[in-house]
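Trainee: We have chain A already, so just place chain B on it with the hints.
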Amino acid sequence: MCLGIPGQIVEIVDASKKLAKVEISGVRRQVNIACIVSEDHPVESCIGDWVLVHVGFAMSRIDAEEARKTLELLIELGEAQKEIEEMSLSTKGVSQ
Amino acid sequence: MKYVDEFRDPVLAKKLVDEINKLVKEIDFAKQRPIQLMEFCGGHTHTIFRYGIEQLLPKSIELVHGPGCPVCVLPMGRVDDCVSLAERPEVIFATFGDAMRVPGSKKSLLQAKADGADVRMVYSPLDALELARKPENKEREVIFFALGFETTMPSTALTVLQAEEEGIENFSLFCNHITTAPTIKAILDSPSMQLDGFVAPGHVSMVVGEQPFHFIAEQYKKPIVITGFEPLDILQSIWLLIKQIAEKRSVVENQYARVVSSQGNLPGMEAMTKVFELREFFELRGLGSIDNSGVRITNDYARFDAERKFPVPNIKVADPKQCQCGDVLKGVIKPWQCQVFGTSCTPETPMGALMVSSEGACAAYYNFGNLPEMMSLKNIKEKEEAML
Chain A
1 MCLGIPGQIV EIVDASKKLA KVEISGVRRQ VNIACIVSED HPVESCIGDW
51 VLVHVGFAMS RIDAEEARKT LELLIELGEA QKEIEEMSLS TKGVSQ
Chain B
1 MKYVDEFRDP VLAKKLVDEI NKLVKEIDFA KQRPIQLMEF CGGHTHTIFR
51 YGIEQLLPKS IELVHGPGCP VCVLPMGRVD DCVSLAERPE VIFATFGDAM
101 RVPGSKKSLL QAKADGADVR MVYSPLDALE LARKPENKER EVIFFALGFE
151 TTMPSTALTV LQAEEEGIEN FSLFCNHITT APTIKAILDS PSMQLDGFVA
201 PGHVSMVVGE QPFHFIAEQY KKPIVITGFE PLDILQSIWL LIKQIAEKRS
251 VVENQYARVV SSQGNLPGME AMTKVFELRE FFELRGLGSI DNSGVRITND
301 YARFDAERKF PVPNIKVADP KQCQCGDVLK GVIKPWQCQV FGTSCTPETP
351 MGALMVSSEG ACAAYYNFGN LPEMMSLKNI KEKEEAML
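Protein chains in written order, with my numbering: chain A, 1 to 96; chain B, 1 to 388.
Next comes chain A alone, as it looks inside the complex (with noise of 0.2 Å):
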């Protein structure tokens, strides 16, 4: 029920009535964006953005840096604290 999908705003449909087309794995549909657009980000600006859709509605812009850093962050996890063991390992071996 509460799902949503990833797709890109390729088309503004109806400015007034904040209606766009979303592409969805090629597929493309009507959405409102009406839960997207703000002063700061009007509806002509839109176009392009990656958005989540759910029933209809664009409701949140996907942000690219925050997705970036999620993964950056599972990345290195682990890798630091294998880095801190390598390091130790190699003080001994230095201090023997």
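Source of the hints: derived by calculation from the structure; they are not laboratory data.
Because the structure is a prediction, the values reported are computed rather than measured.
Below, a sample of chain B positions facing chain A; criterion: calculated Cβ distance under 10 Å:
hint, residue
1, Val4
2, Leu158
3, Arg258
4, Val259
5, Val260
Simulated restraints, written as ranges between beta carbons of each label pair:
hint, chain 1, residue 1, chain 2, residue 2, range
6, B, Pro267, A, Gly26, 23 to 31 Å
7, B, Lys383, A, Glu86, 50 to 58 Å
8, B, Arg308, A, Gln30, 29 to 37 Å
9, A, Gln30, B, Lys383, 52 to 60 Å
We put the CB at the ideal spot given by N, CA and C, even for glycine.
Mentor: Same frame as chain A, but now just chain B:
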């Protein structure tokens, strides 16, 4: 698919599982009893089963599947109300597909449709509004079955505002929206539950932000992490929860920052506050009546309220005796321990709502769990009981 595939990377999943395994060893109480984490949202339950996440986790972590599946917690009496509205000759009853097969006390919406009621399955409330706009439906009333937690509320609220703007008179909502935070509070206040942390619903949070969940960390001292819906999201969230437990902290963390901002979705919430107001209480199947757990349509938008336009029976109906959906929802029993699971209640012929929706815990166990093992455990239990 962008923003999906990269969050399903098995190498990163393995890394997270390793880290979780390491951290769990630092938690002393986990040697006596399992660490119980509740994923509230049915969407999370679905991902957990689809990707076998429970099997990846150490035995000392137990996932409790919460009541966040709106069709699952819909009381049977409300389904009867839907059928009663749908059977009015002037009505076109529009609903999401999930709700079609939920059993009422006499019939489901699907059976009502087979008996001649005009029930239409729609993908969006806007599709229901489009039905109302059609010249051939001018004399008909289109009722949209508004269902779901806060994720879905902005969409129905904005649809009502659109109907108002266009002066569409033959459109209304049968409002059954429910609220997340009061439901979690009811779970926390329930004496039978010993939860250690929450995997919080990502898309509800996308609408309402972090604020409604602060009381869980502050008053109840339970860690809570707002979580996305891909397998890596869930594993990372479990890792963050275990980390908080190990460090004896309890805060609201946001794992799903690519979609959820801390203040939520302002235009969405603005539309919601215009169209909806809290009900003093609302009944959730299996959990009973919970204060402030539902919303109704405000007086300003009364003309879009199907409950004010038409008489609705509004009769409380108890679940069938054999059906133990309530106990499953509260985590008192596992789905396969229910006496009708897999025998008279299956996804093809569901008795209880938890078997209907793909987000329901019973359907998830049935479709993705180890069915032969569960059934043999169930048979052993039944034989033991028969011998007593």
